[in-house]
Amino acid sequence: MPPAIGPCLAVRLAVRPAPLVLAVLLTGSAGLAGDASSAGAAPLRVGEAVLEPVPLSALPGFADDDLAAALATFRATCATPAGPVLAEAAPGAPRQDLALPCAAAAESSPEGARGFFERHFSAYRVLRPNRDAVPERTAGFLTGYFEPELAGSPVPTPDFTVPALARPDDLVSLEPGETRPGLDPTLRAARRDGDAFRPYPDRAAIEDGALGSRARPLLWLRDAVDLLVLQVQGSGRVRLPDGRSVRLAYDGRNGQPYTSVARLIVTGGYLPLEGLTLDRWTGWLRAHPDRARDLIRRNASYIFFRVDDGIPERAGPRGGAGVPLTAGRSLAVDATLWRYGLPFWLEGSLPDPEGGSTPLRRLVVAQDTGSAILGPARGDLYLGTGARAGAVAGLLRDPARFVVLLPKQGDPGAAP
Numbered sequence: 001m002p003p004a005i006g007p008c009l010a011v012r013l014a015v016r017p018a019p020l021v022l023a024v025l026l027t028g029s030a031g032l033a034g035d036a037s038s039a040g041a042a043p044l045r046v047g048e049a050v051l052e053p054v055p056l057s058a059l060p061g062f063a064d065d066d067l068a069a070a071l072a073t074f075r076a077t078c079a080t081p082a083g084p085v086l087a088e089a090a091p092g093a094p095r096q097d098l099a100l101p102c103a104a105a106a107e108s109s110p111e112g113a114r115g116f117f118e119r120h121f122s123a124y125r126v127l128r129p130n131r132d133a134v135p136e137r138t139a140g141f142l143t144g145y146f147e148p149e150l151a152g153s154p155v156p157t158p159d160f161t162v163p164a165l166a167r168p169d170d171l172v173s174l175e176p177g178e179t180r181p182g183l184d185p186t187l188r189a190a191r192r193d194g195d196a197f198r199p200y201p202d203r204a205a206i207e208d209g210a211l212g213s214r215a216r217p218l219l220w221l222r223d224a225v226d227l228l229v230l231q232v233q234g235s236g237r238v239r240l241p242d243g244r245s246v247r248l249a250y251d252g253r254n255g256q257p258y259t260s261v262a263r264l265i266v267t268g269g270y271l272p273l274e275g276l277t278l279d280r281w282t283g284w285l286r287a288h289p290d291r292a293r294d295l296i297r298r299n300a301s302y303i304f305f306r307v308d309d310g311i312p313e314r315a316g317p318r319g320g321a322g323v324p325l326t327a328g329r330s331l332a333v334d335a336t337l338w339r340y341g342l343p344f345w346l347e348g349s350l351p352d353p354e355g356g357s358t359p360l361r362r363l364v365v366a367q368d369t370g371s372a373i374l375g376p377a378r379g380d381l382y383l384g385t386g387a388r389a390g391a392v393a394g395l396l397r398d399p400a401r402f403v404v405l406l407p408k409q410g411d412p413g414a415a416p
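All residue numbers for the sequence shown refer to full-length UniProt numbering, where the first residue is 1 and numbers rise by one.
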């Protein structure tokens, strides 16, 4: 809605839930979305980006990708269709209605995945504009996030002193573009006070007791650093002393602006950006508790959780689309611009924690969002659960290129 530095450092270094920095790319194919790419027509636009048609066959590696895995991820999103996004009301914006592709996906076999995407989608390269010139072929930004595994306790103890709080009953979450009378339109949540609405307390105020009896701990974590990691990633698994594992899922935020603590560490000169990993910056925070408290409290955003018992142990956490995320196939996007369920082709590179990188040429699906994931060519790739996924997510900050696959209008069986 929600990385080693993942949406973390992006939401995290860059600013949702959200990593260090992200780069995302999109490419497109012929077959017009909204019939706006016919000769002489104005180009399609999403936010500040221009969408340039490109054949799916022109995407390097498309035919070699595991498109069956992408189809399975897409089909899962179809089970919980999202409402319209603001982008569809903007001049020149493409239609993003996935009803026809979702209906067809239910009848498509894994072996026919490539044909499914070619029949029902047209690909468009997302061209991010230069703020000082005409739109150009600027890369996007892709980061990564993961599901952390932490130690915790159902009750406070000397070893577990920081609570992960449940959603308070007076918290009112606001959808993109939604406002309340008298409330700053930049705030994404409010506190209900009778018939009126007020800004929700920020992190420092919540830590100082502003919620009163509405502060309901679900579990207790080791320290404020573990809570920060959990909140930056948006969800996580907590291992209790008796061996049980409890999954905490995102259940709202106070709507206050997000500030990346990892970024504050870098800009404050405490650690260099080069080689900055989750273990390194969280280790620095634990080694400097007084400075850590001040830096963490400068992040006004605060995340609330719920216990999610409805997901199998081996499945990923639920994203903003309401379905379990798939490692390497689920993408967090700006939900004010893109509809959940849209496929995106990413072209960039994935870091290796042991050094080097591997090419990233993969079809992924928009299933999540984050407060730091802003703009049409920005993405946060979900990389899985645990330390290994966290190590990759913390290093992923790639100037990737994004290609969005938009549903074709008219006859879905027409030749691309």
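Quick caveat, the hints were computed from the structure, so don't treat them as lab data.
For glycine and all other residues, C-beta sits at the position ideal for the given N, C-alpha and C.
Accuracy of the hints is not assured; some may be wrong.
What the hints assert, rightly or not - Each pair of labels, with its calculated beta carbon distance range:
(1) Glu-107 / Ala-287: 48 to 58 Å
(2) Pro-353 / Ala-79: 42 to 52 Å
(3) Gly-243 / Pro-181: 42 to 52 Å
(4) Ala-287 / Thr-80: 17 to 27 Å
(5) Arg-286 / Pro-353: 14 to 24 Å
Hints, verified against the model:
no., hint, verdict
1, Glu-107 / Ala-287: 48 to 58 Å, "57 Å, holds"
2, Pro-353 / Ala-79: 42 to 52 Å, "34 Å, violated"
3, Gly-243 / Pro-181: 42 to 52 Å, "50 Å, holds"
4, Ala-287 / Thr-80: 17 to 27 Å, "43 Å, violated"
5, Arg-286 / Pro-353: 14 to 24 Å, "21 Å, holds"
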